[in-house]
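Undergrad: Residues per chain, in single letters:
Number of protein chains: 2
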Amino acid sequence: MFTLKEIKEAAIRISPYIKNTPVFTSSTLNKMTGANLYFKCENFQKTGSFKFRGACNAVFSLPSDKMQYGVATHSSGNHGAAIALAAQLRGIKAYIVMPKNSAEVKKLAVSEYGAIITFCESSLDKRKIALEEILDQTGATMIHAYENEQVIDGQGTAALEFLLENGNLDMIIAPIGGGGLLSGTAIAVKGLFPHTIVIGAEPETANDTYLSFKSKKMVLAASSTNTICDGLLAPLGKTAFSIILNHVDDIYTASEQTIIYATRLIWERMKIIAEPSAAITLAIILEHTQFFKNKNIGILLSGGNVDIKTIAHYF
Amino acid sequence: MFTLKEIKEAAIRISPYIKNTPVFTSSTLNKMTGANLYFKCENFQKTGSFKFRGACNAVFSLPSDKMQYGVATHSSGNHGAAIALAAQLRGIKAYIVMPKNSAEVKKLAVSEYGAIITFCESSLDKRKIALEEILDQTGATMIHAYENEQVIDGQGTAALEFLLENGNLDMIIAPIGGGGLLSGTAIAVKGLFPHTIVIGAEPETANDTYLSFKSKKMVLAASSTNTICDGLLAPLGKTAFSIILNHVDDIYTASEQTIIYATRLIWERMKIIAEPSAAITLAIILEHTQFFKNKNIGILLSGGNVDIKTIAHYF
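One line per chain: the protein sequences are A and B, in this order. Those letters in the first sequence? Residues 1 to 315, by the numbering used here. Those letters in the second sequence? Residues 1 to 315, by the numbering used here.
Only chain A is shown next, with the shape it has when bound in the complex (with noise of 0.2 Å):
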């Protein structure tokens, strides 16, 4: 079951460990799109992104039983660390399967929480046979990503804090990969206030959710799929599809150009470090001004973990 109720209960379940992000604005950006954007700054949750919410709810639900086999995923990179570091919350081993291309910083996190890495070609088949055999080898609980109830419910209490304590949103936007902060950002938001939209964000070399939701069918990505937005690759799940279909009001999508503008914005202007696939929110919005105008706008700015320099660089 997906409702309110579920969210509720991840955020008391997971409040000891997790951050209640600050709220930040920035009066140039205002000005910039002239709508009243409120920031939602899970770059600065723990790990680096919301990714750490859900993964809390799903690791601190596990039935003792199960415990001592630990925790298993596979991950390019945040779900990853998030998974770590709850697991070395919980005390329960964590096997965390990542693509040898990672980004370095998020190599590192997951190592320094203390989880087992094994680094497989980039490939979707290769990280899901690589997982498929430590499963086998541990008797480990998998944890996907976006497609695990726990998780989608966990993600969800990052708009439940954000509307908890701003009631005045006309809409809240989320970025989109697997579409696991998405569905539960729609669960929360619909069902505390109906009438607040729910809009997602997406790349437009990386359409596949956007494509899928506008012909109500799954469309599948293209397997050249390529985008600056690294958090963003993952193909929608199903069960955020499905979600989706019924809860977000719409979907708009972004340039490359456009992303790395917005994300250099941020940097530059309020000062914070934000992934392309978190700035892909303010990107939509300066695309497509005239839709976000005069509204008050909550951004889930979903996290802050790159190598600064290879981004940089695009500026």
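It cannot be assumed that every hint is accurate.
Copies of one chain are not kept apart here, so a pair can be met inside one copy or by any two copies together.
Claimed, not checked - With a straight-line cut-off of 20 Å between C-alpha atoms, the simulated EDC-like cross-links for lysine to aspartate or glutamate are: (1) K31 to E112; (2) K19 to E268; (3) K309 to E268; (4) K309 to E256; (5) K309 to E104.
Since the hints were made in silico from the structure, they are not lab data. Treat the numbers as computed from the prediction; the structure is a model and nothing was measured.
Once you have looked at the hints, place chain B on chain A.
TA: Same frame as chain A, now just chain B:
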């Protein structure tokens, strides 16, 4: 007179215009240093640095019969932008002399706040000559970046806010450029809590204040002085030096390499953008861990105005 009373009056005068900046912590950096670090984030201050506090206090202290002639200063960036915005808020003219080689982001900020900019060669003499001409032509009131009493009082309001909200600090660290922030800080701290330690942080390669403090007489900076901390190149002010001699407990220096490392740590781990001139406060802790170990340390993270690409290149 430099006493807590003037700093409290400054705090009231500027309170409608400045941000009460948040205090951030980082469990990773606490682990690395063995101390409890509290970062007062003046990089989130309006105009991106603490300089707005002093500028605001000076501009709003200006007698009404001087308003029509405006204010003027020379600055490589942060003080200039601060004066420009303060003047805009009071509805008066601001004339800013800037060296041609100032960071682009700083030039842009000054012009966006509506100031009249005059570019000059980067030597201090050339800056002074250009400013003298403007003062002659316009009758504007000169507001020195750190030798002005209202400016020093205004800078002290950051430590005042800090201590009123965090009463358990063993010490406060401020970076040293001309000495305005450190001297204002020392007056505020010693006025409120005489036993709280005040420490200055200076680049090893621009250590005129360190040498002056240790020898108790003014040592001029070498003309060849160079550091990545472009905000700390200003020669120590006479007024500031006399306050520092009387109220500051010690000064520590850090190497360029450690300053760059500290900057990177703040960006990567705290997900916020601080200037090297601000990150030097963390750098001295990293270089002198024994002295700072187990202490509750307040850090004035003074600003965040950088050409991001240029700094990231050093990482």
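Undergrad: Each hint should be assessed against the structure and marked as holding or not.
TA: So, going through the hints one by one against the coordinates:
In the homo-oligomer, the alpha carbons of K31 and E112 lie at most 20 Å apart only across protomers (12 Å), although the nearest pairing inside one protomer, at 41 Å, exceeds that limit. In this assembly of identical chains, the alpha carbons of K19 and E268 lie at most 20 Å apart only when taken from different copies (18 Å versus 24 Å within one copy). For the homomeric pair K309 and E268, the shortest alpha-carbon distances inside one copy (15 Å) and between copies (10 Å) are both at most 20 Å. In the homo-oligomer, the alpha carbons of K309 and E256 lie at most 20 Å apart both inside one protomer (18 Å) and across protomers (18 Å), since each shortest distance falls under that limit.
Proximity of K309 and E104 under a CA criterion of 20 Å is satisfied in both settings, with 11 Å inside one chain copy and 19 Å between copies.
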